[in-house]
Every structure is written in C-alpha cells, then in structure tokens.
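Given the sequences, and given the hints that come with them, work out the whole structure.
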Amino acid sequence: MSEHIVSPKIYGMIFLALMVGTFLTVFAAGKDFGPMNVVIALVIATVKATLVILFFMHGKYSSKRTKLVIVAGFFWLAIMLGLTIQDYSTRHAEPSRTELHDSPATQVFRS
Amino acid sequence: MHRTGELYGQFKTLDQQKETATLGMWIFLVTEILFFGGLFLAYTINRHAFSTAFGVGGNMLDLTLGAANTVVLILSSLTMAMAVWSATTSKKQLVTIFLILTLVLGCVFLGVKVVEYKQKFDHHLIPGNGFDITYCAKNPSACGLSGQALESEKNEIEEGLRVDPDLNAHSQLYFSLYFGMTGLHAFHMIIGAGLLLWLILQSRKGRFDANYNTPVENIGLYWHFVDIVWIYLFPLLYLINRHLG
Chain S
0 MSEHIVSPKI YGMIFLALMV GTFLTVFAAG KDFGPMNVVI ALVIATVKAT LVILFFMHGK
60 YSSKRTKLVI VAGFFWLAIM LGLTIQDYST RHAEPSRTEL HDSPATQVFR S
Chain W
0 MHRTGELYGQ FKTLDQQKET ATLGMWIFLV TEILFFGGLF LAYTINRHAF STAFGVGGNM
60 LDLTLGAANT VVLILSSLTM AMAVWSATTS KKQLVTIFLI LTLVLGCVFL GVKVVEYKQK
120 FDHHLIPGNG FDITYCAKNP SACGLSGQAL ESEKNEIEEG LRVDPDLNAH SQLYFSLYFG
180 MTGLHAFHMI IGAGLLLWLI LQSRKGRFDA NYNTPVENIG LYWHFVDIVW IYLFPLLYLI
240 NRHLG
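In order, the protein sequence lines correspond to chains S and W. With numbering that gives the first Met the number 0, the residue at position 77 of the first sequence is 76, and numbering never jumps. With numbering that gives the first Met the number 0, the residue at position 24 of the second sequence is 23, and numbering never jumps.
Calculated directly from the structure, the hints in this document are not laboratory data. Beta carbons are placed, not taken as given, at the ideal position from N, Cα and C, and that holds for glycine. Accuracy of the hints is not assured; some may be wrong.
DSSO-like, lysine-lysine: derived pairs with alpha carbons at most 27 angstroms apart [said to hold, decoys possible]:
#1 S:Lys-63 x W:Lys-11
#2 S:Lys-8 x W:Lys-17
#3 S:Lys-8 x S:Lys-66
#4 S:Lys-66 x W:Lys-153
#5 S:Lys-59 x W:Lys-11
#6 W:Lys-153 x W:Lys-119
#7 W:Lys-91 x W:Lys-117
#8 W:Lys-11 x S:Lys-66
Which stretches of chain W does chain S cover? Using the computed rule of at least three CB atoms under 8 angstroms from a CB of chain S, they are [to be verified]:
#9 30–40
#10 61–71
#11 84–92
#12 222–233
Take a look, some chain W residues computed to stay more than 10 angstroms from chain S by CB distance [to be verified]:
#13 Gly-8
#14 Cys-106
#15 Lys-119
#16 Tyr-134
#17 Ala-136
#18 Asn-154
#19 Glu-157
#20 Ser-175
#21 Phe-178
#22 His-187
#23 Gly-193
The structure is reproduced here in structure tokens:
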C-alpha cells in the first residue's frame, strides 16, 4: 500500500498543540476583550479543528478528490452560516416576547 | 462478509478501493457538518438576539467539568489516531489496546456529561415548567453557593433582569440549545462507543493489519469528527462572555 503513515511523534506534537489551544481558550475566557471574546474563542477553535482534520484525520495526506470533498463541505457550511447571518443582521431587531404579547396584532390574534 | 484485504471486482487496485471508502466516509461527514451546522446557526442567531440571557446561561455551566471533558476527548482522539497507526503498521495487539483506551476515554466523557446534566436537573435548569434561572440565587444552599460565588450569582441575575426582563424565557432558550447540541453530540459519542466495541471484537481476532484497516480508519474519522464538534461546542457554550470569580 502506498498510503502515507503518520508517525506517533507527529500525533504527540499535535496532541500537545491541542492541549495548549485548550489552555489558551480557557485562559482567554477569563479576560474581557469585549466584542473580541467570540472572535478569539472561534479562531482558537478553528486552529484546533484544522490540526485535527489535517493530521489526525489525514486530510493533509489524502487524495485531491477527498480534499475537494472536505473543502466543499466547509464551503457549503459557510454559505449556510454566512447568508443566513447577513440576512438576520440586516433586519430590524425583532420585538421581544413581552413586546409581542402587548402588540395589537397579538391581541387581535388572541381574541 | 469482512474478507480481509480482498480486492473487489469493481476496483483496479487496493489503493483505489481504500480511497473510495475514505471518500465515502468524508461525504457522510460532510452531511454531518451541515447537520450540526444548522444547530450552530440557530445558536448564533439566538445568542446575537438574546446575548444577556445567553451570557447568564453560559455562566451557570461548570467550567472545570467542561474543560476536563475537552482534555479527555482530545486524548481519546490521540489514542484513536494511535490505533489507526498501529493497524497500518500491523501491530495487532496495540490496535486492540488503543481501541480499548479510546472506548474508556469516551465513556469517561459521557460519565462526566451525566454528572453535568444531573447538576442542571438539581438547579432547575431543564427547559420546561420547572425552569427557574433564579433558583440558585434564591436557594444558595441547594446549589452549594456561598460567599463571593453567591454574591456574583445574585449580581449576575439582578443585572440580567434589569437588561432583559424576560431573562427566564430567554435563558431557557439557551438551555434548550445547550441540551439539544450537547445531547446530539453525546448521542454521536454513544454510537461511536458501539462502533468501537465492534472494532475491539474484530481486532481481537487479528483482523486489522497493514493490508486491511479500512474500518479502523473510517471509524477513526468519525471519532475525530465528533471531537471537532466538541472543540466548537466547548468555547461557544461554556466560555464566551464568562465572568470568572
């Protein structure tokens, strides 16, 4: 078989990197970076996920066809997240539940 | 069934046969990415709409248990990767050992999850009639809260109610998503544990070696995927906008 065998040494290094990432994300959560809190958490998570895909899941050593499928999966995920979020974020804020209860429209609907 | 390392008629080489299996597994995982993606999307939109209630909800989770579980799950990914390595290098006994380690770590993760869920039951944080986000602030002894922890809990609830009068309903939404997402993740882990059990039984018969290891490799892919879902769930549910101490 001509498949690439990843050595335990690389697995160990990736494991250590993932541990460092976990520590960093917990450490960063204890500090307040304002709106950057979410960004920092997601960047660290994405770096960790990329390491898992490339090395633990052998993404780095797989065929071009398999790589295309992996990238396509995340591309479609990006379409779903991106387009839905831009839709929601460009609408007016939706009324809260309390407001809904008091609005004339709800009253009519209830009576 | 399971004639090891045999070349099937529709393939030219064993390499091609193996790549086909890997490709098929990845196509399945892509559907899983989009499946979980829908939940992550629902979470993102609701977090954006009710950020105060989601912040209060997130602070009710046990960070120590969540972080410990993250370490356990990443460690289980390492042992799974080592099981695949052992198979591709024909170390048949090591395959079984690493698979058992992975299964044990997976069970530890699920056990910790049970402890966490039980705690949420006790603290009245299960969505439904009994849901009460203020329960721990009102009954500190039932939640083991005292001193500074109790003060910050009270402040948090007070501040939350000031910003969002409908805090109870909106934090209930947070916990619905928390149980939905971690529950679906745990369900995947249970399926993974079943698959691992089957792999261990096969591996004990010496089925997997350098010639034939597709089941180990593909169930490994599934296991790592479940790990990746948790890598995102942990910061999103436990960490964002957390007030420590």
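Against the structure, the hints come out as follows:
1. For the hint pairing S:Lys-63 with W:Lys-11, the CA-to-CA distance comes to about 19 angstroms; that is within 27 angstroms, so the pair holds.
2. Among the hinted pairs, S:Lys-8 with W:Lys-17 is consistent with the structure: their alpha-carbon atoms are about 25 angstroms apart, no more than 27 angstroms.
3. Taking the CA atoms of S:Lys-8 and S:Lys-66, the gap is about 24 angstroms. The hint holds against a cut of 27 angstroms.
4. A hinted pair counts as satisfied when its Cα atoms are at most 27 angstroms apart, and S:Lys-66 with W:Lys-153 does not qualify at roughly 50 angstroms.
5. About 24 angstroms separates the Cα atoms of S:Lys-59 and W:Lys-11, which keeps this hinted pair within 27 angstroms; it holds.
6. A threshold of 27 angstroms between alpha carbons decides the hint, and for W:Lys-153 with W:Lys-119 the separation of about 18 angstroms falls inside it, so the pair holds.
7. Taking the CA atoms of W:Lys-91 and W:Lys-117, the gap is about 40 angstroms. The hint is violated against a cut of 27 angstroms.
8. About 22 angstroms separates the Cα atoms of W:Lys-11 and S:Lys-66, which keeps this hinted pair within 27 angstroms; it holds.
9. Coverage of the region 30–40 of chain W by chain S holds. Counting CB-CB distances below 8 angstroms, 6 residues qualify, and the rule asks for three or more.
10. Three residues within the 8 angstroms Cβ limit are the bar, and the region 61–71 of chain W against chain S gives 4, so the coverage statement holds.
11. Judged by the Cβ-Cβ criterion of 8 angstroms, the region 84–92 of chain W is covered by chain S as claimed, because 3 of its residues qualify and three suffice.
12. Three residues within the 8 angstroms Cβ limit are the bar, and the region 222–233 of chain W against chain S gives 7, so the coverage statement holds.
13. With a least beta-carbon separation of about 19 angstroms from chain S, W:Gly-8 lies farther than 10 angstroms from that chain, consistent with its non-interface assignment.
14. Its beta-carbon lying about 20 angstroms from the closest one in chain S, W:Cys-106 satisfies the requirement of being farther than 10 angstroms from that chain.
15. At roughly 20 angstroms, the least C-beta separation between W:Lys-119 and chain S is larger than 10 angstroms, which holds for a residue marked as non-interface.
16. At the 10 angstroms boundary, the C-beta of W:Tyr-134 stays outside the reach of chain S, the nearest C-beta of that chain being 20 angstroms off.
17. Separation of W:Ala-136 from chain S is adequate, the least Cβ-Cβ distance of about 21 angstroms exceeding the 10 angstroms criterion.
18. No beta-carbon of chain S comes within 10 angstroms of the beta-carbon of W:Asn-154; the shortest separation is about 15 angstroms.
19. The non-interface label for W:Glu-157 is consistent with chain S: the shortest C-beta to C-beta separation is roughly 18 angstroms, beyond 10 angstroms.
20. Remark: the non-interface label on W:Ser-175 is consistent with the geometry, its nearest Cβ contact in chain S lying 14 angstroms away (cut-off 10 angstroms).
21. Distance check on W:Phe-178: its Cβ is at least 20 angstroms (rounded) from any Cβ of chain S, clearing the 10 angstroms threshold; non-interface status holds.
22. Chain S leaves W:His-187 outside its interface by the beta-carbon criterion, the shortest separation being 15 angstroms against a cut-off of 10 angstroms.
23. The Cβ of W:Gly-193 lies farther than 10 angstroms from every Cβ of chain S, with a closest approach of about 20 angstroms, so its non-interface assignment holds.
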